[in-house]
Amino acid sequence: MTVYSFYIFDRHAECIYKRRWLPRPTSVAGKSQIPGAVGSSGQTVRAGDDDAKLVFGTVFSLRNMVRKLGGEEDNFVSYATSQYKLHYYETPTNIKFVMLTDLKSPSMRIALQQIYINLFVEYVVKNPLSPVEHPGGVGVNNELFEESLEQFVTRVLA
Amino acid sequence: MCVSTKLHPRSALAVFSLIIINKAGGLIYQREFQAGLRKLSTNDYLVLAGTFHGVHAITRSITPKLPLQNTASPVASSPGTSAPTTSGFSYPNPGVPVSGLEYLETDKFRLTCFQTLTGTKFLLFTDPMTGSVETIVNKIYELYADYVMKNPFYQLEMPVRCEAFDRHLGAWLRGRT
Amino acid sequence: MAAPRHSAMLSISNASTPQSTSSDKTQVQQPQSPAGTSGLRVPSNRKTIYDRHLNRSRNAELSRASFAYLFGEMVSYAQRRVTGIQDLEKRLNEQGYPLGLRLLDLLFYRATSTSSSALSSSSTSSSPPNRPLRILTLLHLIHGPLWRLLFQRSADALEHSVSPDTPNEYMITDNEPLVNTYISVPREMSMLNCAAFVAGIIEGVCDGCGFEAKVSAHNQPTEMWPSRTVFLVRFGDSVMEREKVLERAGVK
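Chains as they are written, first to last, in the working numbering: chain A, 253 to 410; chain B, 1239 to 1415; chain C, 17 to 268.
No wet-lab data here; the hints were simulated from the structure.
Glycine is no exception: its CB is placed at the ideal position from the N, C-alpha and C atoms.
There's no promise every hint is true.
Taking beta-carbon pairs under 10 Å as the criterion, some of the chain A residues facing chain B (in silico) [unchecked claim]: (1) 272; (2) 274; (3) 310; (4) 323; (5) 326; (6) 338; (7) 344; (8) 347; (9) 394; (10) 397; (11) 399; (12) 400; (13) 401; (14) 403.
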């Protein structure tokens, strides 16, 4: 299973955290790779800003559509195209967690919930130095959260 | 799939409703087969079709692009492994054409979207446990090709009002359940 | 399913263009040229459709979808510049009429060659088919052999009008007309029945046998057969008079 990217959106529709993982180069093209060019643990890259906006627009529209058809208590869980799968989890405080993975991955709902409870609440919400709101990602981009997210994705989910 | 069909004989076959969207994003058909989803007004369905049409295009455009690492030989890279590459990146499933949303899952239903080569979209809402949705969608496409496209009174891209299509669709779905 | 109808149409359409083929035969001398200027393609074995036995395509199968699209275009074409439903039905009827006239010959030809030895190429050995003289014989010909030639099955019912005022009216019922398989008529045109085309074919067959008649198609849906169609055959007065004379004379 491969995780491609991960986003957190706050209740103001702002992207407060995003991260992209590049898969191991062997999975892309297996021939004549330059060894050591990329660490096998993956590499983080700043995704384009537009990307986050498009992702938000998509999940926002789909969430509203699902609520309209399934009722207020229905939840949008995931969708898949021929290329990737998008997982969605929304907290009661209206923070949205989005993860893009490959098609082989099972439901990531529990994983996203764990990221929320064990990482976000622990290292961001409970951090006395972190502000209540996170404009521009302030407070989310602390070392503890990023480190443990990295570990969670590369060790637990891989 | 087979196991779940046996375990939930009734819910496993639930097909809630069908929506057909033309290539411009307009709603041309909407029909409910079984209760299970909330009923919307005609206007809401029109909005839903238009929204979905746009979202479908976006889900296609946000497909992750994986940078190719073999900078040493970017042109003469292996031709078989990564067909749809353009300068420097490949898609996760290189052999498969990039598509928009194909299915969506929620707690209460599953939405399967089938897009024809000409751009018409079939949206089928089923119970999450329903097996072999693909068979159902293919059959619907077949009935559409027969009773809508072969009908001399049907105008392309316009709302589908074909009594024979309604009749055969209803009869086939009833025959399944 | 629509096999015989197409094969019939094929042979007819070719029978109507003898000139183009005769000019084509000169082209056959150079088989290398890819049929450029003529329009007709000559098979590589140089056998045109005239060299083939007429019964060759009797059981050949043709695409039902192709027929559906072709007929759909015929309806669309007839629909242009029409003033109303009756006008549209008249046009469809007119499209079917010549087909019925020409179909008759093939029908008779095939009716004999199947009854006797099908292998003998000349049909002269078997008794030549008789043109129907009485109304009932004609109607049976339509109900059975004609329907089988067109649709590979007999029609579903044949009735005589019960009303004493209209002894010249007969009804042939088809529960599921092939031509209407894929057609859904819009609600505002609910009186229309595209099987008017088939009615035209029947009219052509009747006229070809010397029975002046008007044939129309009417919707008579039932729960089980939503596209059930009744073809109303109304014979002319001269036919009815002749019928009486023939009856007195004991002609069958």
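Against the structure, the hints come out as follows:
Evaluation of the residue 272 (chain A) hint against chain B yields a held restraint, the C-beta minimum of about 8 Å falling below 10 Å. Proximity of residue 274 (chain A) to chain B holds as hinted, the smallest CB-CB distance being about 7 Å (cut-off 10 Å). For residue 310 (chain A), the shortest C-beta to C-beta distance to chain B is roughly 5 Å, which falls under 10 Å, so the interface hint holds. A least Cβ separation of about 6 Å between residue 323 (chain A) and chain B falls short of the 10 Å threshold, and the interface hint therefore holds.
Among the interface hints, the one on residue 326 (chain A) holds; its C-beta lies about 5 Å from the nearest C-beta in chain B, closer than the 10 Å criterion. For residue 338 (chain A), the suggested interface contact is upheld, since its CB lies about 8 Å from the closest CB of chain B, less than 10 Å. Evaluation of the residue 344 (chain A) hint against chain B yields a violated restraint, the C-beta minimum of about 15 Å exceeding 10 Å. Taken as an interface hint, residue 347 (chain A) does not check out: its beta carbon lies about 19 Å from the nearest beta carbon of chain B, beyond 10 Å.
Restraint check, residue 394 (chain A) versus chain B: the minimum CB separation of about 26 Å is more than 10 Å; hint violated. Interface hint status for residue 397 (chain A): violated, as the beta-carbon distance to the closest one in chain B is roughly 23 Å, over 10 Å. Given the 10 Å rule on beta carbons, the hint for residue 399 (chain A) is violated: about 23 Å separates it from the nearest Cβ of chain B. A distance limit of 10 Å between C-beta atoms decides the matter here; for residue 400 (chain A) the minimum to chain B is near 23 Å, and the interface restraint is violated.
The criterion of a C-beta within 10 Å of any C-beta in chain B is not met by residue 401 (chain A), whose closest approach is roughly 18 Å, and the hint is violated. For residue 403 (chain A), the shortest C-beta to C-beta distance to chain B is roughly 22 Å, which exceeds 10 Å, and the interface hint is violated.
The structure fails hints 7, 8, 9, 10, 11, 12, 13 and 14 (numbered hints given earlier, in ascending order).
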